[in-house]
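Residue numbers (the working numbering), protein chains in the order written: chain S, 1 to 416; chain U, 1 to 416.
Simulated from the structure, these hints should not be mistaken for lab results.
Ideal Cβ placement from N, Cα and C applies to all residues, glycine included.
A couple of the hints might just be wrong.
Stated by the list, open to error - 25 Å max Cα-Cα, derived BS3-like pairs, lysine-lysine:
1) 400(U) x 342(U)
2) 411(S) x 364(S)
3) 87(U) x 319(S)
4) 342(U) x 269(U)
5) 400(U) x 105(S)
6) 386(S) x 269(S)
7) 364(U) x 386(U)
8) 400(S) x 364(S)
9) 269(U) x 400(U)
10) 87(U) x 105(U)
11) 342(S) x 364(U)
12) 73(S) x 87(S)
13) 105(S) x 342(U)
14) 73(S) x 225(U)
15) 87(S) x 105(S)
16) 400(U) x 364(U)
17) 128(S) x 342(U)
18) 105(S) x 364(U)
19) 386(S) x 400(S)
20) 342(U) x 319(U)
21) 319(U) x 342(S)
22) 73(S) x 105(U)
23) 364(U) x 342(U)
24) 364(S) x 342(S)
25) 241(S) x 116(S)
26) 241(U) x 225(U)
27) 73(U) x 128(U)
Claimed, not checked - Listing some non-contacts, in silico: residues in chain U with all C-beta distances to chain S over 10 Å:
28) 1
29) 18
30) 40
31) 97
32) 130
33) 155
34) 195
35) 203
36) 214
37) 268
38) 273
39) 307
40) 309
Here's the letter readout for the chains.
2 protein chains.
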Amino acid sequence: MNAEIIAVGSELLLGQIVNTNARFLSEQLAELGINVYYHTVVGDNANRLSQAIQLAESRADLIVFTGGLGPTKDDLTKETIATSLQKSLVMDTEALDSITAYFHKVGRQMTPNNEKQALILEGSTSLKNEFGMAPGMFLTQDSHHYMLLPGPPFEMEPMFKKYGRESLLRVLAKNEIICSRVLRFFGIGEAQLETEIMDILDRQTNPTIAPLASDGEVTLRITAKHESRVRAISMIDELEKEILDIAGDYFYGYDDTSLIREAITLMTKHSLTLSCAESLTGGLFQSEIASVPGASNVLSGGVVCYSNEVKETVLSVPKEILDSFGAVSEQCARQLAENVRKLCNSQIGISFTGVAGPSEQEDKPVGTVWIGLSIEGHSTQAFPLKLAGGRNGNRVRSVKYGAFYLLKALKELSFN
Amino acid sequence: MNAEIIAVGSELLLGQIVNTNARFLSEQLAELGINVYYHTVVGDNANRLSQAIQLAESRADLIVFTGGLGPTKDDLTKETIATSLQKSLVMDTEALDSITAYFHKVGRQMTPNNEKQALILEGSTSLKNEFGMAPGMFLTQDSHHYMLLPGPPFEMEPMFKKYGRESLLRVLAKNEIICSRVLRFFGIGEAQLETEIMDILDRQTNPTIAPLASDGEVTLRITAKHESRVRAISMIDELEKEILDIAGDYFYGYDDTSLIREAITLMTKHSLTLSCAESLTGGLFQSEIASVPGASNVLSGGVVCYSNEVKETVLSVPKEILDSFGAVSEQCARQLAENVRKLCNSQIGISFTGVAGPSEQEDKPVGTVWIGLSIEGHSTQAFPLKLAGGRNGNRVRSVKYGAFYLLKALKELSFN
């Protein structure tokens with residue numbers, strides 16, 4: 001099966017937003033073994049959209065649309081497809097109830113154009129929108145499959161994963177099973193990892209290995225095809241073992257996990273609580289922890305000690321340390337980690353202090369970072385980083401390194 | 001003039017990277033008054049690329065290509081265009097010299113396939129690549145314009161800005177100026193805003209108004225075309241005034257600003273410092289503030305009071321308040337805002353407490369949020385929210401509302 005992804009929205013053609021939906025869907029379709037041959041972006045214009053639909057029908061079996069399902073006059077994806085396929089639009093009462101309930105809940109008035117969002121293509125399967133109002137749709141007609149998804153990624157991605165993917169699997173219903181697993185690495189570059197496992201990479205056809213680098217992490221996606229799911233999984237197991245024999249030191253987890261999630265899992269398992277003192281990162285580390293459901297089991301809280309005054313008064317860093325070594329120093333990082341742990345009465349304290357940029361500070365260059373780590377009953381550690389990104393790149397990278405050092409320390413603890 | 005942007009690269013169709021080049025070029029072309037009607041992404045396949053070229057020639061005056069100019073066998077953009085336009089490829093000696101010099105400089109051996117990068121389409125203008133090896137090209141033939149740009153954004157963007165744009169300006173050489181301005185709104189839905197300004201929307205042709213909603217904000221992009229820049233700007237001014245007469249209460253700023261940036265600007269102007277107590281948002285608000293350069297002028301810091309213990313011990317919320325009203329309450333939000341302000345010795349304190357989800361808490365439903373705001377010398381305020389997003393959607397939305405209420409309070413202060 002081959003597919004075309006059509007994103008509808010003038011905001012894309014004006015360059016106001018980037019088409020991340022096409023990337024997400026391409027990756028998802030590739031995993032299902034569906035070849036994507038074209039992405040198309042077209043504006044909120046019925047005539048041009050209808051030409052794009054005809055063209056896609058001439059070159060693809062599956063057409064996935066994103067965007068244009070909203071309440072305004074600009075939103076015309078389903079209307080145009082309806083005309084093109086000679087289908088009418090019918091009310092999805094379940095979606096309408098959920099839209100009405102939403103307005104009731106937030107206490108805002110529901111304008112009539114919002115009802116339009118609950119209309120779906122006659123004969124289509126409605127795909128539930130758990131994070132927004134407009135439902136998606138899946139329809140098969142004349143040997144073509146049409147999937148309509150909303151434009152906002154936080155609505156579209158969960159809808160595809162939970163409902164859209166299922167519809168496609170039912171259509172595919174083929175004998176060959178495709179299994180894939182992502183191995184995640186931190187602390188090693190993509191080129192270096194590729195060099196270390198070159199021998200394995202060179203001889204792979206099934207399973208295949210696809211390396212990808214982003215945000216300081218490298219992932220390897222292993223994909224196996226076989227008639228038997230059990231055999232496909234054991235093919236992946238065997239290859240994973242070979243890879244980890246070589247590069248296991250940098251490996252930290254599977255699939256959609258993250259350094260933060262792995263650390264939370266271990267802390268939860270060992271009933272440990274965490275506090276954070278954040279200067280450089282300004283709350284980003286704690287915010288990342290808090291973004292994971294269940295974070296309240298481990299995160300006591302902490303202090304964003306952006307100014308030196310807060311470091312001194314709230315976190316009791318001695319003035320002499322700030323005067324002699326500066327706020328961006330090993331000594332300060334240690335004090336912050338220890339003191340925040342005690343202040344918040346938790347077992348682990350972690351701290352971040354550094355020069356985010358754009359200008360240097362205390363005669364230390366942009367990218368100088370110290371991470372402190374204090375664990376009850378153990379001596380406090382401090383880790384230096386030298387980062388080369390921009391202001392926010394350096395903050396994000398520091399948070400990743402913090403999670404990496406925390407995870408490493410937790411793994412060592414677990415052996416005791 | 002209308003344009004189509006064709007990105008060439010199988011890595012895009014596999015979802016390994018996102019097509020940020022299309023966004024960049026769309027924005028640049030819009031500024032030049034060139035209408036972009038389509039984006040197309042096609043893989044490294046000569047047959048499909050050549051079909052995409054024919055199609056684009058049938059519907060666009062200008063075709064901008066990105067990617068496929070490199071040294072490997074996969075890179076076939078210029079070869080395919082050469083075949084399609086019946087042009088030969090000729091050596092650009094200046095580009096060849098620069099490639100040779102590069103290999104000399106880094107001390108690596110130049111393999112023969114690197115020479116291929118210096119070949120350009122016969123009759124085209126070479127566009128210098130100051131951050132990589134492959135030059136770009138601009139060619140006009142049979143009333144069509146073709147621009148070929150490299151794929152990596154750090155090569156493509158400066159090449160377009162410095163050389164590509166010039167080539168287009170020479171071709172355009174026209175009198176009409178295009179000006180645009182974005183008005184940003186918060187606290188009003190897209191459908192509601194559209195309903196309120198329906199009369200204005202319905203009669204607009206020049207300037208045009210394009211609404212866009214994202215992350216709880218709504219923007220209106222006003223675009224005017226006129227021979228005189230002064231007149232185009234005054235056309236925008238007039239329309240803006242009409243819109244703000246109706247919906248001014250929800251308007252907060254122009255173009256690329258954000259609620260957080262506007263609040264920082266006002267606090268900086270009035271030499272006010274800010275502290276934050278974050279339960280629900282877990283540090284996200286402070287992290288957003290810290291992401292803006294110059295944040296250290298206003299952000300003292302604050303406390304992430306995720307556990308009730310931290311609320312009590314670090315932020316001195318009386319146990320009776322937590323017991324009688326709960327942590328998610330108006331009373332607690334007020335205490336947190338006042339106490340964090342005093343603890344960190346700043347003029348403004350803001351607090352966030354709420355039920356992020358996935359489960360309810362203290363018998364309060366997911367999405368219940370209280371924001372506290374304490375300004376030195378003024379009585380403390382508290383604002384309730386009822387949010388309907390997922391866990392992280394609710395946290396992000398709360399941060400935006402916090403910035404909105406802060407900004408509103410700062411604007412009222414400024415009048416005193």
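Hint check results:
Taking the CA atoms of residue 400(U) and residue 342(U), the gap is near 24 Å; set against the 25 Å cutoff, the hint holds. Proximity of residue 411(S) to residue 364(S) is assessed by CA-CA distance (about 33 Å); at most 25 Å being required, the pair is judged violated. Annotation: proposed proximity of residue 87(U) to residue 319(S) is violated, straight-line Cα distance about 73 Å (limit 25 Å). Proximity of residue 342(U) to residue 269(U) is assessed by CA-CA distance (about 22 Å); at most 25 Å being required, the pair is judged to hold.
Restraint check for residue 400(U) and residue 105(S): the C-alpha separation of about 19 Å stays at or below 25 Å, so the hint holds. Distance check on the hinted pair: residue 386(S) and residue 269(S) sit about 33 Å apart at the alpha-carbon level, beyond 25 Å; violated. Restraint check for residue 364(U) and residue 386(U): satisfied, since their Cα atoms lie roughly 11 Å apart, inside the 25 Å limit. With a C-alpha separation of about 22 Å, the suggested pairing of residue 400(S) with residue 364(S) holds against the 25 Å cut-off.
At most 25 Å may separate the alpha-carbon atoms for a hinted pair to count; residue 269(U) and residue 400(U) meet this at roughly 21 Å. With a C-alpha separation of about 33 Å, the suggested pairing of residue 87(U) with residue 105(U) is violated against the 25 Å cut-off. In summary, the hint linking residue 342(S) to residue 364(U) is not supported, as the alpha carbons are separated by about 31 Å, beyond the 25 Å threshold. For a cut-off of 25 Å, the pair hint linking residue 73(S) to residue 87(S) stands: about 20 Å separates their Cα positions.
For the proposed pair residue 105(S) and residue 342(U), the alpha carbon gap of about 36 Å is over 25 Å, so the pair is violated. For a cut-off of 25 Å, the pair hint linking residue 73(S) to residue 225(U) stands: about 23 Å separates their Cα positions. Straight-line distance between C-alpha atoms of residue 87(S) and residue 105(S) comes to about 33 Å, which puts the hinted pair past the 25 Å bound. Taking the CA atoms of residue 400(U) and residue 364(U), the gap is about 22 Å. The hint holds against a cut of 25 Å.
With a CA separation close to 47 Å, the supplied pair residue 128(S) and residue 342(U) exceeds the 25 Å bound. A threshold of 25 Å between alpha carbons decides the hint, and for residue 105(S) with residue 364(U) the separation of about 13 Å falls inside it, so the pair holds. Taking the CA atoms of residue 386(S) and residue 400(S), the gap is near 14 Å; set against the 25 Å cutoff, the hint holds. Distance check on the hinted pair: residue 342(U) and residue 319(U) sit about 19 Å apart at the alpha-carbon level, within 25 Å; holds.
Straight-line distance between C-alpha atoms of residue 319(U) and residue 342(S) comes to about 20 Å, which keeps the hinted pair within the 25 Å bound. Annotation: proposed proximity of residue 73(S) to residue 105(U) is violated, straight-line Cα distance about 57 Å (limit 25 Å). With a CA separation close to 29 Å, the supplied pair residue 364(U) and residue 342(U) exceeds the 25 Å bound. About 29 Å separates the Cα atoms of residue 364(S) and residue 342(S), which puts this hinted pair outside 25 Å; it is violated.
For the suggested pair residue 241(S) and residue 116(S), the alpha carbons sit about 53 Å apart, so the restraint of at most 25 Å is broken. Distance check on the hinted pair: residue 241(U) and residue 225(U) sit about 18 Å apart at the alpha-carbon level, within 25 Å; holds. At most 25 Å may separate the alpha-carbon atoms for a hinted pair to count; residue 73(U) and residue 128(U) meet this at roughly 22 Å. With a least CB separation of 14 Å from chain S, residue 1(U) remains clear of the 10 Å interface cut-off, as annotated.
Distance check on residue 18(U): its Cβ comes as close as 4 Å (rounded) to a Cβ of chain S, failing to clear the 10 Å threshold; non-interface status is violated. At the 10 Å boundary, the C-beta of residue 40(U) falls inside the reach of chain S, the nearest C-beta of that chain being 6 Å off. The non-interface label for residue 97(U) is consistent with chain S: the shortest C-beta to C-beta separation is roughly 28 Å, beyond 10 Å. Under the 10 Å C-beta cut-off, the non-interface status given to residue 130(U) relative to chain S holds; the minimum distance is some 20 Å.
Annotated as non-interface, residue 155(U) keeps its C-beta farther than 10 Å from every C-beta of chain S; the closest such distance is 18 Å. A Cβ of chain S approaches the Cβ of residue 195(U) within 10 Å, the least distance being about 5 Å, so the stated non-interface status is violated. Annotated as non-interface, residue 203(U) keeps its C-beta farther than 10 Å from every C-beta of chain S; the closest such distance is 14 Å. A cut-off of 10 Å between C-beta atoms contradicts the statement that residue 214(U) is not in contact with chain S; the least separation is 7 Å.
In this structure residue 268(U) is separated from chain S by more than 10 Å, as the shortest Cβ-Cβ distance comes to about 14 Å. Against the 10 Å criterion, residue 273(U) falls within the reach of chain S, whose nearest CB is about 8 Å from its own CB. Some Cβ of chain S comes within 10 Å of the Cβ of residue 307(U); the nearest lies about 5 Å off, and the non-interface call is violated. Remark: the non-interface label on residue 309(U) conflicts with the geometry, its nearest Cβ contact in chain S lying 6 Å away (cut-off 10 Å).
Checked against the numbered hints above, the structure breaks hints 2, 3, 6, 10, 11, 13, 15, 17, 22, 23, 24, 25, 29, 30, 34, 36, 38, 39, 40 and satisfies the rest.
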